[in-house]
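Each protein sequence line maps, in turn, to chains A and B.
Residue 148 in numbering that gives the first Met the number 0 sits at position 149 of the first sequence, with consecutive numbering throughout.
Residue 25 in numbering that gives the first Met the number 0 sits at position 26 of the second sequence, with consecutive numbering throughout.
In short, the hints are calculated from the structure, not lab data.
Be careful, since some hints might not be right.
In silico DMTMM-like pairs for lysine to aspartate or glutamate, Cα to Cα no more than 25 Å straight-line [said to hold, decoys possible]:
{"no.": "1", "chain 1": "B", "residue 1": "Lys292", "chain 2": "B", "residue 2": "Glu262"}
{"no.": "2", "chain 1": "A", "residue 1": "Lys272", "chain 2": "A", "residue 2": "Asp139"}
{"no.": "3", "chain 1": "B", "residue 1": "Lys176", "chain 2": "A", "residue 2": "Asp175"}
{"no.": "4", "chain 1": "B", "residue 1": "Lys44", "chain 2": "A", "residue 2": "Asp227"}
{"no.": "5", "chain 1": "B", "residue 1": "Lys109", "chain 2": "A", "residue 2": "Asp142"}
{"no.": "6", "chain 1": "A", "residue 1": "Lys272", "chain 2": "A", "residue 2": "Asp208"}
{"no.": "7", "chain 1": "B", "residue 1": "Lys37", "chain 2": "B", "residue 2": "Asp24"}
{"no.": "8", "chain 1": "A", "residue 1": "Lys272", "chain 2": "A", "residue 2": "Glu297"}
{"no.": "9", "chain 1": "B", "residue 1": "Lys300", "chain 2": "A", "residue 2": "Glu297"}
{"no.": "10", "chain 1": "B", "residue 1": "Lys210", "chain 2": "B", "residue 2": "Asp225"}
{"no.": "11", "chain 1": "B", "residue 1": "Lys58", "chain 2": "B", "residue 2": "Asp73"}
{"no.": "12", "chain 1": "A", "residue 1": "Lys99", "chain 2": "B", "residue 2": "Asp225"}
{"no.": "13", "chain 1": "A", "residue 1": "Lys300", "chain 2": "B", "residue 2": "Asp142"}
{"no.": "14", "chain 1": "A", "residue 1": "Lys148", "chain 2": "B", "residue 2": "Glu262"}
{"no.": "15", "chain 1": "A", "residue 1": "Lys204", "chain 2": "A", "residue 2": "Glu179"}
{"no.": "16", "chain 1": "A", "residue 1": "Lys109", "chain 2": "B", "residue 2": "Glu262"}
{"no.": "17", "chain 1": "B", "residue 1": "Lys292", "chain 2": "A", "residue 2": "Asp175"}
{"no.": "18", "chain 1": "A", "residue 1": "Lys323", "chain 2": "B", "residue 2": "Glu237"}
{"no.": "19", "chain 1": "B", "residue 1": "Lys210", "chain 2": "B", "residue 2": "Asp175"}
{"no.": "20", "chain 1": "B", "residue 1": "Lys176", "chain 2": "B", "residue 2": "Asp105"}
{"no.": "21", "chain 1": "B", "residue 1": "Lys272", "chain 2": "A", "residue 2": "Glu262"}
{"no.": "22", "chain 1": "B", "residue 1": "Lys272", "chain 2": "A", "residue 2": "Asp139"}
2 protein chains.
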Amino acid sequence: MINIGIYGYGNLGKGVEAAIEKNADTNLVAVFTRRDPKTVTIRNKSAVVDHVDNIPSYKGKIDVMILCGGSATDLPWQTPEVAKNFNVIDSFDTHANALKHFNDVDAVCKAQGNVGIVSVGWDPGMFSLNRLYAECVLPDGSDYTFWGKGVSQGHSDAIRRIEGVQDARQYTCPVDKALEAVRSGSNPTLTTRDKHTRLCYVVAKPGADLKKIEQEIKTMPNYFSDYDTTVNFITEEELQRDHAGLPHGGFVIRTGQTGFNNENKHVIEYSLKLDSNPEFTGSVLVAYARAAKRLQAEGVKGCKTVFDIAPSYLSPLSNDELLKHVL
Amino acid sequence: MINIGIYGYGNLGKGVEAAIEKNADTNLVAVFTRRDPKTVTIRNKSAVVDHVDNIPSYKGKIDVMILCGGSATDLPWQTPEVAKNFNVIDSFDTHANALKHFNDVDAVCKAQGNVGIVSVGWDPGMFSLNRLYAECVLPDGSDYTFWGKGVSQGHSDAIRRIEGVQDARQYTCPVDKALEAVRSGSNPTLTTRDKHTRLCYVVAKPGADLKKIEQEIKTMPNYFSDYDTTVNFITEEELQRDHAGLPHGGFVIRTGQTGFNNENKHVIEYSLKLDSNPEFTGSVLVAYARAAKRLQAEGVKGCKTVFDIAPSYLSPLSNDELLKHVL
Chain A
0 MINIGIYGYG NLGKGVEAAI EKNADTNLVA VFTRRDPKTV TIRNKSAVVD
50 HVDNIPSYKG KIDVMILCGG SATDLPWQTP EVAKNFNVID SFDTHANALK
100 HFNDVDAVCK AQGNVGIVSV GWDPGMFSLN RLYAECVLPD GSDYTFWGKG
150 VSQGHSDAIR RIEGVQDARQ YTCPVDKALE AVRSGSNPTL TTRDKHTRLC
200 YVVAKPGADL KKIEQEIKTM PNYFSDYDTT VNFITEEELQ RDHAGLPHGG
250 FVIRTGQTGF NNENKHVIEY SLKLDSNPEF TGSVLVAYAR AAKRLQAEGV
300 KGCKTVFDIA PSYLSPLSND ELLKHVL
Chain B
0 MINIGIYGYG NLGKGVEAAI EKNADTNLVA VFTRRDPKTV TIRNKSAVVD
50 HVDNIPSYKG KIDVMILCGG SATDLPWQTP EVAKNFNVID SFDTHANALK
100 HFNDVDAVCK AQGNVGIVSV GWDPGMFSLN RLYAECVLPD GSDYTFWGKG
150 VSQGHSDAIR RIEGVQDARQ YTCPVDKALE AVRSGSNPTL TTRDKHTRLC
200 YVVAKPGADL KKIEQEIKTM PNYFSDYDTT VNFITEEELQ RDHAGLPHGG
250 FVIRTGQTGF NNENKHVIEY SLKLDSNPEF TGSVLVAYAR AAKRLQAEGV
300 KGCKTVFDIA PSYLSPLSND ELLKHVL
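I would like the entire structure built from these sequences, with the hints used as guidance.
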């Protein structure tokens, strides 16, 4: 049995909690929160809710802590801090800082004899794996990642900060024409605008200037100005009814050639279509918790990414079972 | 530099030779054949052709031997035999005997301090990896593998053995309706006939009874009787012009649910579209040769499958480069 602790009970923490229900060899021991634990109600019947300050007292009772905070301000200090006493898994997803974060966690894990696995999820995570495998088996080629159709929390938040906006939901959408061009093997050069569009559903406050809101969204640097953006104004009821979920997904496609004269083309495509981004991410985190416990039992210490973990470590099946039923 | 030997110079051996050209850190030392080496001409400019009987004399000059024989009668004895002196990679693809083959190679590798990686390619191989990853991250779900559209050598050979047949090419084709049903998440129960059709191009000998040939194909047990089969008679010229290649591919799809009430559905799909089955398979074998050499350098010995190899071992890039550019 793999005893798991969850640090942070937002959407992702709830996704991890749900994933633990689906894995018979995992057990949720405790959910840790920065809020007053009395105000937090979890779904799991046997686990406790405790304050993050009490985490160290769970040493020996929890095999793997899954950190469910944000990459911007939480995980950079939380993961190394918790790694002092526990094996840790996180979904750190700021690509530009991934190496620094890895090194920070690695130093603590090596000093304390723990295993950390960082940047786990679907991107980074399953998409990274597919980029790597595809690049290794087709070294002469190009790869393309498309995201969506899915809700971007960061872009939705950016719209909510505009004056006159009450609520908003932003979908990132891959452009079909670009996807088809990539799949054809024509190796197209694609700009940011070519690859994705942005689709916004906005609830305006009473009396707000809709033209001005739309203009502010479409010209917002970094977030929207490089994209073809569509803004739809809807009611709060419509937003709650039609846009309450957090779907996401995307595509990793690599095309390449083999042969002494490059005469043969190949297309490798991996795609995800997810009803719930946080529940799927949570499911990936729990699979890697299994790997973390096993690696520590083998005497491994230090930080890892999905690239460093042999796939069999994610499975509850034995080698014989894997060769008989999955190979 | 990874020094590689190729055992067997059929379609797959040629595919491995082509793949070595695409990997700057690999070097082809020799191609071994059961034929008179003087009768075998290879594309590579620096490697030699030698008889399989001379393989042991290359000990120390070759890091990894890639076995390119058939799974029915070659690999079961060749891989263990060669593993006495070399790290070995093969594409053993008889699923039912995979565990026995693994154990045979494992015993020799452990005794001799070598690394073997067996059943490498795309199925088994990349498809197996995708079945495993998908099953681990979506434990409550079902997976489906479809093959094609692609040439099945075994089925083409079976047609050629029919009286009155001069030549033939058989394509395995996935059924679009079945693919769509799987992607929808409806978790359909699919028979053999539901999933694939078989498309045959046959060159008949002069004066042959076409009706009889067609009937014999369609009713052939194991190969065709469980499928909807289409037989087209064409000329030898048409066969050579339109069906000379060895394309293949397929789909691994897993659908599953998460959430306390199974309220969220997810679809994971991996697909390959390959112009040349042997060249793609050869490319996968060469990537795993990199892993075999590294594992031996770390003191690992014994047999492995793709499940046991951390993805980073396939890449020529360092951990820092992987985290910066691929993660």
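A quick look at each hint next to the structure:
no.	hint	result
1	B:Lys292 / B:Glu262	violated (46 Å)
2	A:Lys272 / A:Asp139	violated (28 Å)
3	B:Lys176 / A:Asp175	holds (21 Å)
4	B:Lys44 / A:Asp227	violated (52 Å)
5	B:Lys109 / A:Asp142	violated (38 Å)
6	A:Lys272 / A:Asp208	violated (36 Å)
7	B:Lys37 / B:Asp24	violated (28 Å)
8	A:Lys272 / A:Glu297	violated (35 Å)
9	B:Lys300 / A:Glu297	holds (16 Å)
10	B:Lys210 / B:Asp225	holds (19 Å)
11	B:Lys58 / B:Asp73	holds (21 Å)
12	A:Lys99 / B:Asp225	violated (56 Å)
13	A:Lys300 / B:Asp142	violated (34 Å)
14	A:Lys148 / B:Glu262	holds (19 Å)
15	A:Lys204 / A:Glu179	violated (40 Å)
16	A:Lys109 / B:Glu262	violated (40 Å)
17	B:Lys292 / A:Asp175	violated (42 Å)
18	A:Lys323 / B:Glu237	violated (41 Å)
19	B:Lys210 / B:Asp175	violated (29 Å)
20	B:Lys176 / B:Asp105	violated (42 Å)
21	B:Lys272 / A:Glu262	holds (14 Å)
22	B:Lys272 / A:Asp139	holds (16 Å)
Hints 1, 2, 4, 5, 6, 7, 8, 12, 13, 15, 16, 17, 18, 19 and 20 from the earlier list are contradicted by this structure; the remaining hints agree with it.
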